[in-house]
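Engineer: Chains E and H supply the protein sequences, listed in that same order.
Take the first sequence: its letter number 83 is residue 83 in our numbering, and every next letter is one higher.
Take the second sequence: its letter number 90 is residue 90 in our numbering, and every next letter is one higher.
One or more hints might be untrue.
[Unchecked claim] A few chain E positions that, by computed beta-carbon distances, are all more than 10 Å from chain H:
1) Gln-14
2) Gln-58
3) Arg-60
4) Ala-68
5) Ser-73
6) Val-110
[To be verified] Taking lysine-lysine and the DSS-like style, the derived pairs with C-alpha atoms no more than 30 Å apart in a straight line are:
7) E/Lys-99 x H/Lys-64
8) H/Lys-41 x H/Lys-66
9) H/Lys-66 x E/Lys-57
[What the hints assert, rightly or not] Short derived list, chain E residues pointing at chain H, Cβ under 7 Å:
10) His-42
11) Phe-45
12) Ala-104
13) Gly-105
Honestly, the hints are just simulated from the structure, not real lab data.
A virtual CB, placed ideally from N, CA and C, is assigned to each residue, including glycine.
Residue strings, one per chain:
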Amino acid sequence: GQQVMQIPQYQHVQEGEDFTTYCNSSTTLSNIQWYKQRPGGHPVFLIQLVKSGEVKKQKRLTFQFGEAKKNSSLHITATQTTDVGTYFCAGPLTSNDYKLSFGAGTTVTVRA
Amino acid sequence: GAVVSQHPSRVICKSGTSVKIECRSLDFQATTMFWYRQFPKQSLMLMATSNEGSKATYEQGVEKDKFLINHASLTLSTLTVTSAHPEDSSFYICSANGGGALETQYFGPGTRLLVL
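Only chain E is shown next, with the shape it has when bound in the complex:
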């Protein structure tokens, strides 16, 4: 089955700055989902992207699904200390599978 790759693994950000985490798949994805896991917590669903080229925003978070539906990105503007955590992208293991393959995650730390 396909695997989802995610970079960077770690992101150290100055408070107020922007950053982006990227997710790539070797095969076309029917959808891609993003989750956030706070330190010591469990993954919490953020968003799901389905359409080619889709862009969705949640306040300072902008999610994008590539035109070929093989990549996705999460961009956070004006990073705050509340953004600390690990962000995972996840895509279906196969085209008609509801099992998810999770990326390695991007762990974000913020310097005040």
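The hints should help you fit chain H onto chain E, whose structure is shown.
Structural biologist: Coordinates of chain H only, in the frame set by chain E:
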């Protein structure tokens, strides 16, 4: 809505004992539940998929006789770690969805297992 609970949140046990972890969907019926394992600073690794009333499907490399899964109802799935050993110490997380390829997975709070 879409709340998943997990019990216990933490458990410490002696090597050789068995531990049962419960996963419940509180406000929706979960036709499918998933069990993940997460080691420190690593991603989630899918262990198995359970469907209500049928046998669980295990991922490659996961011993079905060691990790017993029972999905007895549309709101409850259990994972039993049998004859636990220190290497089984991990963060076990369940998730649930209502079925269908595009359904979002809702995660439980996880269970931290420490085997001494």
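Engineer: Are the hints correct? Go through all of them and say.
Structural biologist: Against the structure, the hints:
no. : hint                : result
1   : Gln-14              : holds, 22 Å
2   : Gln-58              : holds, 14 Å
3   : Arg-60              : holds, 22 Å
4   : Ala-68              : holds, 19 Å
5   : Ser-73              : holds, 18 Å
6   : Val-110             : holds, 18 Å
7   : E/Lys-99 x H/Lys-64 : holds, 18 Å
8   : H/Lys-41 x H/Lys-66 : holds, 24 Å
9   : H/Lys-66 x E/Lys-57 : violated, 43 Å
10  : His-42              : holds, 5 Å
11  : Phe-45              : holds, 5 Å
12  : Ala-104             : holds, 5 Å
13  : Gly-105             : holds, 5 Å
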